[in-house]
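> Letter by letter, the chains look like this.
Protein chains: 4
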Amino acid sequence: MKMYDKEAGLLELEEFMGGDDAVVRAARICYGRDDIRGKGKLIRHLIQNGHTSVFEHAVFRFKVICPIFTQRQLMRHRISSYTERSSRYTNSDSFYYPSTQRMDPDLLSHFSIAYNTAYVQYNNLLSKGAPRELARSVLPMGTMTEFKWTINVRSLMNFLELRLDEHAQYEIRQIARQAENYFADKMPITYREWKRRYDYERS
Amino acid sequence: MKMYDKEAGLLELEEFMGGDDAVVRAARICYGRDDIRGKGKLIRHLIQNGHTSVFEHAVFRFKVICPIFTQRQLMRHRISSYTERSSRYTNSDSFYYPSTQRMDPDLLSHFSIAYNTAYVQYNNLLSKGAPRELARSVLPMGTMTEFKWTINVRSLMNFLELRLDEHAQYEIRQIARQAENYFADKMPITYREWKRRYDYERS
Amino acid sequence: MKMYDKEAGLLELEEFMGGDDAVVRAARICYGRDDIRGKGKLIRHLIQNGHTSVFEHAVFRFKVICPIFTQRQLMRHRISSYTERSSRYTNSDSFYYPSTQRMDPDLLSHFSIAYNTAYVQYNNLLSKGAPRELARSVLPMGTMTEFKWTINVRSLMNFLELRLDEHAQYEIRQIARQAENYFADKMPITYREWKRRYDYERS
Amino acid sequence: MKMYDKEAGLLELEEFMGGDDAVVRAARICYGRDDIRGKGKLIRHLIQNGHTSVFEHAVFRFKVICPIFTQRQLMRHRISSYTERSSRYTNSDSFYYPSTQRMDPDLLSHFSIAYNTAYVQYNNLLSKGAPRELARSVLPMGTMTEFKWTINVRSLMNFLELRLDEHAQYEIRQIARQAENYFADKMPITYREWKRRYDYERS
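Protein chains in written order, with this note's numbering: chain A, 82 to 284; chain B, 82 to 284; chain C, 82 to 284; chain D, 82 to 284.
If you're looking for bench data, these hints aren't it; they were derived computationally from the structure.
Please note that a few of the clues may not be correct.
Chain copies aren't distinguished; within one or between two, either way the pair holds.
As the list claims (entries may be wrong) - With a Cα cut of at most 25 Å, we get these calculated SDA-like pairs of lysine to any residue:
#1 Lys87 with Arg213
#2 Lys209 with Pro186
#3 Lys144 with His132
#4 Lys267 with Phe97
#5 Lys267 with Gly100
#6 Lys120 with Tyr170
#7 Lys87 with Arg169
This is chain A alone, in the form it adopts within the complex (with noise of 0.2 Å):
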């Protein structure tokens, strides 16, 4: 298992459908059934060739929690499905403060005046009679939010290609290695296949 920075967003998994079997049994509707590559093979040979529609076939639902900054990176993926607190609806209160893996510790201070006094003015705003929708102009980026996120194994596997690069932001990436840790522990077959390929393109 990918080790990961939970201060930094936390995936879980909620509920999943598919799995390697319901692929391989999709490909061979398209093959004709007397196709007699093993389960492995067949998995290898679809994402070799880049046959990777019938990846849409398992789908997982997740609960995600982290920063809005990491969230909006994560919305545009399009191919999947979001449901978000609203903040219309919730008032806000908690913020991301980066792990000391990730910032030199002296910079902390300048998170906590910043996080600080926007939660203070929100709240004024709040007490002043503000609508919610308004007031949150002031909250930051680091606000953090919770969301469903139902997105389907090809879709996932174009996610984990972007997000686990190390151009990826420290933040989504920690997003990425928790969804690869359940893709992994999931869909072994396709994960490993999966896997194989994306090292030997960045290798």
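Once you've looked at the hints, dock chains B, C and D against the given chain A.
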């Protein structure tokens, strides 16, 4: 349960995730946990106000067998996933004859003449070495095909609205009614509220 | 032309393709060339019967400038294309102050305190070597952003139905009204029929 | 210009928006205006690093005429828009005969026997009152169809990668080559950089 005509096409449930409870939990993320509306009331609110993205967290995977002309209509619903038997890799030998519910029996001879000729010429082409991908040109649109179909419930509700309609072709309506049965069975609250709205808009 | 509040967000047309004529020509492919209905009648039929895929052949590209909280709502419309100014690569220095149409002027001081503190701490972080991608955590949701937005007319009509609504937040409604103006200008027949339907459903 | 076989399918450009300049302007929004890379260098960077969402701002609309079996392959590309001639509303009377580039001439008689029989039975069904939507069951997969196809350049590049490939069926490759010609003509810089990458990955 709605009755349907089995000859016109078969749809079977393979797997399902989500359900009324998953939808309700996702909606409560959005509105905040102190939203105390009951499940039925909350789902009714979502449907009446077009907040249907939350239904994307529930997903069905079906196996479908139907004529190619029906599959072509079904495939127009782009927000779903398909893996179809390929007539490049497999032979075709099954064709659609409308039942007497659907057509005057004395018209059937025109179907059998056309189908038989097509099938004979298809096999002649194969035996003379024509590739399957080209020989299939002579196969009729009534050739039966098979595919896996994964669709989320938001997209399914849209499909049902269009394809249960009396202006939809009889054959695809039979597919839609079978999908409706599974929807009613697996998500009774969502189904009831969707149906109420559907009937109201048609009244 | 609908009036709108410029401060809440700007939307400008960059390029457009399609138009009433392109939609009509596409619809006549579908129905056959001997369909002799006039343009207005044909487009009314398409809209009243939900045959809206034909409007995907008309496409707008806009430039948008708005607060991040508005952009986050807009980005939920997944059937469209976005390229946004990245706060990983560029500095941010412009923030949203609601106009007096929108909010009691004596609340503005809470905005300026929060914004100024955030901006000072953001610059402190940058000057001490924090990466931009992390320093942006302290920037407010009212930070102005800029993006290109390409959307087809089917998806635009859906956007307008949701975001012109009085329950939509004021700021995104100002964006929607500007888009509505361009729509009315570039596709007068489609706009008229869409608007007739829209008003009817709300009456 | 790539040569292609006209009989296998025709693709004509109807309208285009975007272009190399629009892509470059959008990319400069993202990276900041002081990005001074030249157009070619910037576009090469986008393609080599998979930052292809920016190409969604360029859009082609084509008219296509091809056999139904080709259209079925093309329609699998879900990120694009189709309006097809409906065989529920219009008669069909044109069928695909492979050219001698494609097939041994003495196999053509099998096509003509099957096509003629299908066409005669189709007309018999219509003359006896069968609805068009059902009579079409006997029409062959080689029946010619016509549709409008709107596709953005990101999705088009993906289409070309799959359908110019030597494993793609000859008939859809002829469509792909015509689309490639228009792409090269309208977006020469993007085409050049895409082609360089495409050739490299196949070498």
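> So, for every hint listed, does it hold in this structure?
Hint check:
no., hint, in the structure
1, Lys87 with Arg213, "between (29 Å within a copy, 22 Å between copies)"
2, Lys209 with Pro186, "between (36 Å within a copy, 12 Å between copies)"
3, Lys144 with His132, "between (29 Å within a copy, 20 Å between copies)"
4, Lys267 with Phe97, "both (8 Å within a copy, 16 Å between copies)"
5, Lys267 with Gly100, "both (7 Å within a copy, 21 Å between copies)"
6, Lys120 with Tyr170, "between (48 Å within a copy, 18 Å between copies)"
7, Lys87 with Arg169, "between (27 Å within a copy, 22 Å between copies)"
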